[in-house]
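From just these sequences and the hints, can you work out the full model?
Protein chains in written order, with numbering that gives the first Met the number 0: chain A, 0 to 134; chain B, 0 to 134; chain C, 0 to 129; chain D, 0 to 129; chain E, 0 to 101; chain F, 0 to 101.
One or more of the hints may lead you astray.
As the list claims (entries may be wrong) - Residues from chain F that keep clear of chain B, each with C-beta distances beyond 12 Å, as calculated:
# : residue
1 : N7
2 : P10
3 : T13
4 : S43
5 : A53
6 : L58
7 : D64
8 : E78
Said to hold, decoys possible - With the Cβ distance kept under 10 Å, some of the chain B side facing chain D (calculated, not the full set):
#  : residue
9  : D54
10 : K61
11 : P65
Since the hints were derived computationally from the structure, they do not count as laboratory data.
These numbers were taken from a predicted model, which means no experiment stands behind them.
For every residue, glycine included, the Cβ atom is placed at its ideal position computed from N, Cα and C.
Next come the chains, spelled out residue by residue.
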Amino acid sequence: MSDTKKFLYVNRKAPYGTIYALESLEVVLIGAAFEQDVALAFLDDGVFQLTKGQDTAGIGVKNFSPTFRALGDYDVNKLYVERESLEERGLTEDDLQEIMYEDEDDDWAEKPSIRIVSRAEMAEIMAEQDVILSF
Amino acid sequence: MSDTKKFLYVNRKAPYGTIYALESLEVVLIGAAFEQDVALAFLDDGVFQLTKGQDTAGIGVKNFSPTFRALGDYDVNKLYVERESLEERGLTEDDLQEIMYEDEDDDWAEKPSIRIVSRAEMAEIMAEQDVILSF
Amino acid sequence: MKIGVVISEGPYTHQAADTAYHFVKAALAKGHEVPRVFFYHDGVNVATRLSVPPQDERNIQKNWTELAKEHGIDMVVCIAAAQRRGLLDENEAERQGKDANNIAEGFRISGLGQLIEMGIQTDRLVMFGD
Amino acid sequence: MKIGVVISEGPYTHQAADTAYHFVKAALAKGHEVPRVFFYHDGVNVATRLSVPPQDERNIQKNWTELAKEHGIDMVVCIAAAQRRGLLDENEAERQGKDANNIAEGFRISGLGQLIEMGIQTDRLVMFGD
Amino acid sequence: MSTLHTVNKSPFETQTLLSCLNHCREGDAVLLIEDGIYGGIEGSALSEIVKESAAGVSLYVLNEDVKARGIDPGRLLGEVSGVDYEGFVDLVTQHDRTQSWL
Amino acid sequence: MSTLHTVNKSPFETQTLLSCLNHCREGDAVLLIEDGIYGGIEGSALSEIVKESAAGVSLYVLNEDVKARGIDPGRLLGEVSGVDYEGFVDLVTQHDRTQSWL
Numbered sequence: 000m001s002d003t004k005k006f007l008y009v010n011r012k013a014p015y016g017t018i019y020a021l022e023s024l025e026v027v028l029i030g031a032a033f034e035q036d037v038a039l040a041f042l043d044d045g046v047f048q049l050t051k052g053q054d055t056a057g058i059g060v061k062n063f064s065p066t067f068r069a070l071g072d073y074d075v076n077k078l079y080v081e082r083e084s085l086e087e088r089g090l091t092e093d094d095l096q097e098i099m100y101e102d103e104d105d106d107w108a109e110k111p112s113i114r115i116v117s118r119a120e121m122a123e124i125m126a127e128q129d130v131i132l133s134f
Numbered sequence: 000m001s002d003t004k005k006f007l008y009v010n011r012k013a014p015y016g017t018i019y020a021l022e023s024l025e026v027v028l029i030g031a032a033f034e035q036d037v038a039l040a041f042l043d044d045g046v047f048q049l050t051k052g053q054d055t056a057g058i059g060v061k062n063f064s065p066t067f068r069a070l071g072d073y074d075v076n077k078l079y080v081e082r083e084s085l086e087e088r089g090l091t092e093d094d095l096q097e098i099m100y101e102d103e104d105d106d107w108a109e110k111p112s113i114r115i116v117s118r119a120e121m122a123e124i125m126a127e128q129d130v131i132l133s134f
Numbered sequence: 000m001k002i003g004v005v006i007s008e009g010p011y012t013h014q015a016a017d018t019a020y021h022f023v024k025a026a027l028a029k030g031h032e033v034p035r036v037f038f039y040h041d042g043v044n045v046a047t048r049l050s051v052p053p054q055d056e057r058n059i060q061k062n063w064t065e066l067a068k069e070h071g072i073d074m075v076v077c078i079a080a081a082q083r084r085g086l087l088d089e090n091e092a093e094r095q096g097k098d099a100n101n102i103a104e105g106f107r108i109s110g111l112g113q114l115i116e117m118g119i120q121t122d123r124l125v126m127f128g129d
Numbered sequence: 000m001k002i003g004v005v006i007s008e009g010p011y012t013h014q015a016a017d018t019a020y021h022f023v024k025a026a027l028a029k030g031h032e033v034p035r036v037f038f039y040h041d042g043v044n045v046a047t048r049l050s051v052p053p054q055d056e057r058n059i060q061k062n063w064t065e066l067a068k069e070h071g072i073d074m075v076v077c078i079a080a081a082q083r084r085g086l087l088d089e090n091e092a093e094r095q096g097k098d099a100n101n102i103a104e105g106f107r108i109s110g111l112g113q114l115i116e117m118g119i120q121t122d123r124l125v126m127f128g129d
Numbered sequence: 000m001s002t003l004h005t006v007n008k009s010p011f012e013t014q015t016l017l018s019c020l021n022h023c024r025e026g027d028a029v030l031l032i033e034d035g036i037y038g039g040i041e042g043s044a045l046s047e048i049v050k051e052s053a054a055g056v057s058l059y060v061l062n063e064d065v066k067a068r069g070i071d072p073g074r075l076l077g078e079v080s081g082v083d084y085e086g087f088v089d090l091v092t093q094h095d096r097t098q099s100w101l
Numbered sequence: 000m001s002t003l004h005t006v007n008k009s010p011f012e013t014q015t016l017l018s019c020l021n022h023c024r025e026g027d028a029v030l031l032i033e034d035g036i037y038g039g040i041e042g043s044a045l046s047e048i049v050k051e052s053a054a055g056v057s058l059y060v061l062n063e064d065v066k067a068r069g070i071d072p073g074r075l076l077g078e079v080s081g082v083d084y085e086g087f088v089d090l091v092t093q094h095d096r097t098q099s100w101l
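This is the structure we're talking about:
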């Protein structure tokens, strides 16, 4: 086995009602330093973490959604979002914030980090991992 | 308003996976000393709290189900259990432990504390309360 | 009106203690009384003075301590729930033979009877939890 | 095999810390290695030495402290999660200007890197939570 | 005599909202707070059943929680009214009791 | 290459079990632990959908959790096998990864 493992962070919970989304992101940021093959999965209520226009001033809780846009700088650029989970919640890709990264293998072209996948594709992605962390 | 209020303890969670069922019972026991009009409601997964034959030795957690049988001694004898909640879970009244109390107004006759009610009746019971505590 | 409040989940992990805080502030602003807030289940963890949230986050314990001081709210931490979870005041620590205590200013440890009493003496009771 | 374990809910409130305990004991009994248990989210609350569970209940912290001592398990409490929730060791208390600490024997406070490292160095990782 | 019910869970995750609505009586109010506000979204897989189950009941969402989660109020069911924390307090005092569906 | 999935929530309370089953692949195993064991009950409103969704998947329950909750093993789906904590460990080592559905 090589030194690089495939890590998947599975996000199934909505933001702010509980802390799991925020503390998941904290692991992702620290984990980025370990140079593993990292991907994030958003399914079920986890897709709500990525909505644009979050404004938490009224509830007095820190808005961590801008941090997702910084993930590209940490070489974290595979954010898989499940289409069926969006649809069941009345959301489309347009409701999610734009998250971009610069592809060093393609002359630093700007590319979207969010990849909408079907439930079947999500199951395949999960089945390819070495380590799955659930939040 | 009289000094006596109607208190309802609403139990909607299964036992052992979380502590809510046990800590609900602790409130009921303490609350009994206050001579209020007390009733317990079991609906949704709360009906699992009353199954007979619980044996927690294997999970190393205290089995608190016998405590329900002591409630009669504390003058707590209205345990409303929702029929639809039982049915959805494949349970019948026979799966619940027998919980009795002695009716002081009827020559101390032994009577069952568990009263199976319909969802509509449960809604009525809830609507009659002064104070509702949820667990 | 007199409104009693129960908080039954821990700080930061669940939004309950935050929502309750904004609710109580609004109730007080509208002229209602909030004589007591009762902390049960993991809610007892709100009362630790040892928490050190990041500087850009709210300090839930401090917010409650200040609000209670300003408005004379009786903040009661359930003793049974607190013992299980390691929340002790000086007396309890001594009684239990523990070498430290962690309850913040403004919170007092007492029994579940205080919850029932609050239910009897207030006009409304609102619970915040999971 | 090397099995890493994560506990992400607090003691008594959720069964996670109990299930993990029985799982780890069984893994060790079958000859596997459990080099590290990582406590995250409310799981950090398992590490308080101030808890006083009723005498007829299990003592979750003591169970873990003893199991770890007997089998050389490295029990790591996430520092960021611990700070939010008021779990401090002596060093952290001093650094943060707090007048008390509450970490039990056998637990050490460290960073999230220890979780990733555990994921890299073990053959399997099992999480217990809510 | 009526009840204010509060629901703080997403109906896509738990059964709490539907259980609450199935125990409401005509004239009751249901206030969606915290992650509960997702129950007010129009065009979801649950919108129709929420609307049906809420017949005769007044549905509210806590504005601050809606805003925090980036849900445009225009995306909510027409049946839903928004309140702020002071409106939450008014709902508590206007009804005879509060039942928190935890 | 296969996955062991663990589910610790009641399917009558949360969507977790169904979400898990909808992401399983042929040859995977699902172990129901803690309150998750209620997902193994025969004759419930969810038994049929659990059985259908679990096609191609091996279903297990943790015996100790079943016993604790007073559920007679005879009341479980015929498709479900019981394991103890040591069996749980074996399932972890026999599959290539463990995914906890929290």
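Verification of the supplied hints:
1. N7: violated, 7 Å
2. P10: violated, 10 Å
3. T13: violated, 10 Å
4. S43: violated, 4 Å
5. A53: Fine: 17 Å to the nearest Cβ keeps F:A53 off the interface.
6. L58: holds, 16 Å
7. D64: Incorrect as stated: the minimum Cβ-Cβ distance to chain B is 6 Å, not above 12 Å.
8. E78: At roughly 15 Å from the nearest Cβ of chain B, F:E78 sits farther out than 12 Å, so the non-interface label holds.
9. D54: Violated, because the Cβ-Cβ distance from B:D54 to chain D comes to roughly 15 Å (cut-off 10 Å).
10. K61: holds, 5 Å
11. P65: violated, 12 Å
Hint compliance for this structure: hints 1, 2, 3, 4, 7, 9, 11 are not met, and every other hint is.
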